[in-house]
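Trainee: In case you want the letters, here they are:
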Amino acid sequence: MAQMTYREAVRTAMAEELRRDGRVLFMGEDIADMGGSQGVSKGMLAEFGPERIRNTPISEEAIVGAAVGAAMSGLRPVVEIMYMDFTSMAMDPIVGQAAKWRYMTGGQVTIPVTIRTQGGAGWQSGSQHASMLENWFTHIPGLKVVMPSQPDDARLLLKAAIRDENPVLFVEHRDCYPRKGEVGEDPEEVGELGVGRVLREGSDCTVVCWGGMPWLALEAAETLEQEDGISLEVIDPRTLQPLDLGIILESVRKTNRCVVAHEAVTFGGFGAEVAALVQEHAFDHLDAPVLRVGEKWAPVPFAPVLEAHVVPGAQQIIDAVRSVAYATA
Amino acid sequence: MAATPRARTTTKAAPTGGKASAKKATPTKRGSGKAPVDDHAKSASGRKSIDDTAGRAAAAAYGEQVSFARGKRPSDKLSKAELVQMYRTMVLARRFEELVIDQYREGNLPGFVHVAIGQEAIASGVGHALGDDDFIGSTHRAHAHIIARGSNVEHLMAEMMGRITGVCQGKGGSMHMADMSRNVVGANGVVGSGAPMMTGVALAQKELKTGNVAVAFYGDGASSQGNVHEGMNLAQIWQLPILFILENNRYAESTPTWQTVPVDDLTVRGAAFGMKTFAVDGNDVLAVYDTTAVAAEYARAGNGPVYIVAETKRLSGHYVGDAEVYRPKGEAKAARQTDPIPAFRAQLLERKVPERDLKAVEAEVEETMERAVEAALAADFPPAEDAMKHVYAEYPYPGPVLGL
Ligand SMILES: Cc1ncc(C[n+]2csc(CCOP(=O)(O)OP(=O)(O)O)c2C)c(N)n1
Ligand SMILES: [Mg+2]
Numbered sequence: 001m002a003q004m005t006y007r008e009a010v011r012t013a014m015a016e017e018l019r020r021d022g023r024v025l026f027m028g029e030d031i032a033d034m035g036g037s038q039g040v041s042k043g044m045l046a047e048f049g050p051e052r053i054r055n056t057p058i059s060e061e062a063i064v065g066a067a068v069g070a071a072m073s074g075l076r077p078v079v080e081i082m083y084m085d086f087t088s089m090a091m092d093p094i095v096g097q098a099a100k101w102r103y104m105t106g107g108q109v110t111i112p113v114t115i116r117t118q119g120g121a122g123w124q125s126g127s128q129h130a131s132m133l134e135n136w137f138t139h140i141p142g143l144k145v146v147m148p149s150q151p152d153d154a155r156l157l158l159k160a161a162i163r164d165e166n167p168v169l170f171v172e173h174r175d176c177y178p179r180k181g182e183v184g185e186d187p188e189e190v191g192e193l194g195v196g197r198v199l200r201e202g203s204d205c206t207v208v209c210w211g212g213m214p215w216l217a218l219e220a221a222e223t224l225e226q227e228d229g230i231s232l233e234v235i236d237p238r239t240l241q242p243l244d245l246g247i248i249l250e251s252v253r254k255t256n257r258c259v260v261a262h263e264a265v266t267f268g269g270f271g272a273e274v275a276a277l278v279q280e281h282a283f284d285h286l287d288a289p290v291l292r293v294g295e296k297w298a299p300v301p302f303a304p305v306l307e308a309h310v311v312p313g314a315q316q317i318i319d320a321v322r323s324v325a326y327a328t329a
Numbered sequence: 001m002a003a004t005p006r007a008r009t010t011t012k013a014a015p016t017g018g019k020a021s022a023k024k025a026t027p028t029k030r031g032s033g034k035a036p037v038d039d040h041a042k043s044a045s046g047r048k049s050i051d052d053t054a055g056r057a058a059a060a061a062y063g064e065q066v067s068f069a070r071g072k073r074p075s076d077k078l079s080k081a082e083l084v085q086m087y088r089t090m091v092l093a094r095r096f097e098e099l100v101i102d103q104y105r106e107g108n109l110p111g112f113v114h115v116a117i118g119q120e121a122i123a124s125g126v127g128h129a130l131g132d133d134d135f136i137g138s139t140h141r142a143h144a145h146i147i148a149r150g151s152n153v154e155h156l157m158a159e160m161m162g163r164i165t166g167v168c169q170g171k172g173g174s175m176h177m178a179d180m181s182r183n184v185v186g187a188n189g190v191v192g193s194g195a196p197m198m199t200g201v202a203l204a205q206k207e208l209k210t211g212n213v214a215v216a217f218y219g220d221g222a223s224s225q226g227n228v229h230e231g232m233n234l235a236q237i238w239q240l241p242i243l244f245i246l247e248n249n250r251y252a253e254s255t256p257t258w259q260t261v262p263v264d265d266l267t268v269r270g271a272a273f274g275m276k277t278f279a280v281d282g283n284d285v286l287a288v289y290d291t292t293a294v295a296a297e298y299a300r301a302g303n304g305p306v307y308i309v310a311e312t313k314r315l316s317g318h319y320v321g322d323a324e325v326y327r328p329k330g331e332a333k334a335a336r337q338t339d340p341i342p343a344f345r346a347q348l349l350e351r352k353v354p355e356r357d358l359k360a361v362e363a364e365v366e367e368t369m370e371r372a373v374e375a376a377l378a379a380d381f382p383p384a385e386d387a388m389k390h391v392y393a394e395y396p397y398p399g400p401v402l403g404l
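Line order of the protein sequences matches chains L and C.
The first sequence begins at 1 in our numbering and counts up by one.
The second sequence begins at 1 in our numbering and counts up by one.
There's no promise every hint is true.
[Stated by the list, open to error] Among the chain C residues that face chain L by a calculated CB cut under 10 Å, a handful are:
1. Pro110
2. Lys171
3. Gly189
4. Asn303
5. Ala384
6. Ala393
7. Tyr397
[What the hints assert, rightly or not] Taking lysine-lysine and the BS3-like style, the derived pairs with C-alpha atoms no more than 25 Å apart in a straight line are:
8. Lys352(C) with Lys42(L)
9. Lys359(C) with Lys80(C)
10. Lys180(L) with Lys42(L)
11. Lys352(C) with Lys77(C)
12. Lys80(C) with Lys329(C)
13. Lys389(C) with Lys296(L)
Honestly, the hints are just simulated from the structure, not real lab data.
By construction, the Cβ of each residue, glycine as well, lies at the ideal position given by its N, Cα and C atoms.
Please take these sequences and the hints and turn them into a complete structure.
Mentor: Here you go:
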């Protein structure tokens, strides 16, 4: 085991897979000399060279489209979209092409492409560089969506994504990059998509959260324990599609209360899906309605006060948990 | 019946670049009158650029592209006072951005900040050549463009700091700054997306017969985005009054343009749309003024869009704080030799503009900017609930759910 940051864990996963499989290549904007806008791929050009670490023009649609075509015909590309907002520039290749081609061709092709992207609010980067849009993609049959919060999960699940035979969207929250953790070193070790993780055991309320949120939920758990004596169980599904509902239901049957927290806008977000599934399958176990925590109904604004007003933090999780904890059946 | 390729000739003839107009710009041979191309990035990396001779040949054969020829220069008609104003715009933009950098370092100015230090001649030349009611759309590197349209620098600086007195009331910041009081549609955080949008602004000008033109600024990096190509194509088939102004600073973030653009000469891309095309030394403010003036007159007269490639240099990092590890040693320093501000200053002195006039402008700018920073720092932040304002035309907005 080695101590490393989430950023290094993502890099390690890509490097291990590039070493392991000559069909893997990595492309994106400013990913070569600069190592990506977030420094994730720093040093990879030196090891793998410009054929496999492909610096691209600013052409999201072409980059993803080409990756999809290459994936159909023998390569296993990993693509980086600099900000999650810019997946909108590549919507057709992701949604119209990658997600559907296998289906439409009656299973004649596989599309083993991994689309990595990152984002998140809290940096005053303004409305066009701060959105969390995972629900756009969880709504598309044919795509898998992975969004881990922990460094070790980032490594193992990115490796799994690259080895997966399907198009996988791999979402990194910007706040996670400097987070440190113990990460394994066996290059053959690989994670499994669709398996959630209990990040903290607790008995009074379940918080289901992903992306950057689990770190805030863990903070909230400390506060709730000290100030309210509430024991929070924090569950990170790690993969949103496929979703490990089992681990969530098991927890809710124990705690009888559930809050779903994500940074994306609440209305129409993936939290709604989780809440619906929980009440469908564990209605009799619930002592309170499932509450959602998410961004308010606005684009992410620039000014720090405004941004803090719309984007959820640990306090919003605390408030929601208190609300369901004191509710009676 | 299936359409045959020949169907095209039976409709209105597809417009080709230039319509050999009796305009002031005269066709010249390709490659003349162009800014020198710098190759240092290539040699430093040891990798060769793609051979673009075929592209050049095709563009040369296209023939109707024009480079601006110095004949009767529109700028010859500028008074000394007007020339000094152009200088002031450049100095103001420079000083604004220098102070932005200072304030960023002091922690007073959050977010992502891209400065256009070194590119002020384009902003000023274009800004002054346009009419008061013409529209501009900019990029993530927008401050100079906006300042050159006469926006109030106090409100711009306040916006940079997220204050309520900001031109967007703190909603936009550097990357999304807009000022509709000056027909500045706005900066844009999404590379290339301004091009189709400004095409639409031009469509509105045409339909509403305003006589205004639209300008879409964009970068060499953006020139590879599909949205730019789609916008240019649409503008040409609809013959819209728009200028596509490509600021070729030869970098997109860390990426030198030669790595991502297969032609060295970006003017050849105008040929693909049969679009009137000019090349200009973007560090020569008067050349930019002349080119824009001719282009705007052409577009305003209903002749269709014009594409302008302005060569320039980025004298700072991509963003404030960029260590520029990717930039060959000495390149940035060498680029400073072509700084357009001292160059224009010298030119003005040569034209017998009294130095005291320039000094007076410099002192006034210094004061103006000092005041702008002070005012911005003293201004309030918006109330937090303002975050919910402006999401819709209605406020308060009753949604997203009703009936509760
Ligand atoms: C669609 C999209 N992709 C990527 C980015 C990230 N990005 C911001 S600026 C930039 C480089 C733009 O280069 P260029 O068009 O040459 O403009 P310059 O920065 O040189 O002014 C990139 C890649 C973005 N903002 N939008
Ligand atoms: Mg550029």
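Trainee: Against this structure, judge whether each hint is valid.
Mentor: Status of each hint after checking the structure:
no.: 1; hint: Pro110; in the structure: 4 Å, holds
no.: 2; hint: Lys171; in the structure: 5 Å, holds
no.: 3; hint: Gly189; in the structure: 3 Å, holds
no.: 4; hint: Asn303; in the structure: 30 Å, violated
no.: 5; hint: Ala384; in the structure: 4 Å, holds
no.: 6; hint: Ala393; in the structure: 14 Å, violated
no.: 7; hint: Tyr397; in the structure: 8 Å, holds
no.: 8; hint: Lys352(C) with Lys42(L); in the structure: 53 Å, violated
no.: 9; hint: Lys359(C) with Lys80(C); in the structure: 14 Å, holds
no.: 10; hint: Lys180(L) with Lys42(L); in the structure: 17 Å, holds
no.: 11; hint: Lys352(C) with Lys77(C); in the structure: 15 Å, holds
no.: 12; hint: Lys80(C) with Lys329(C); in the structure: 40 Å, violated
no.: 13; hint: Lys389(C) with Lys296(L); in the structure: 12 Å, holds
The structure fails to meet hints 4, 6, 8 and 12 from the earlier list, while all remaining hints are met.
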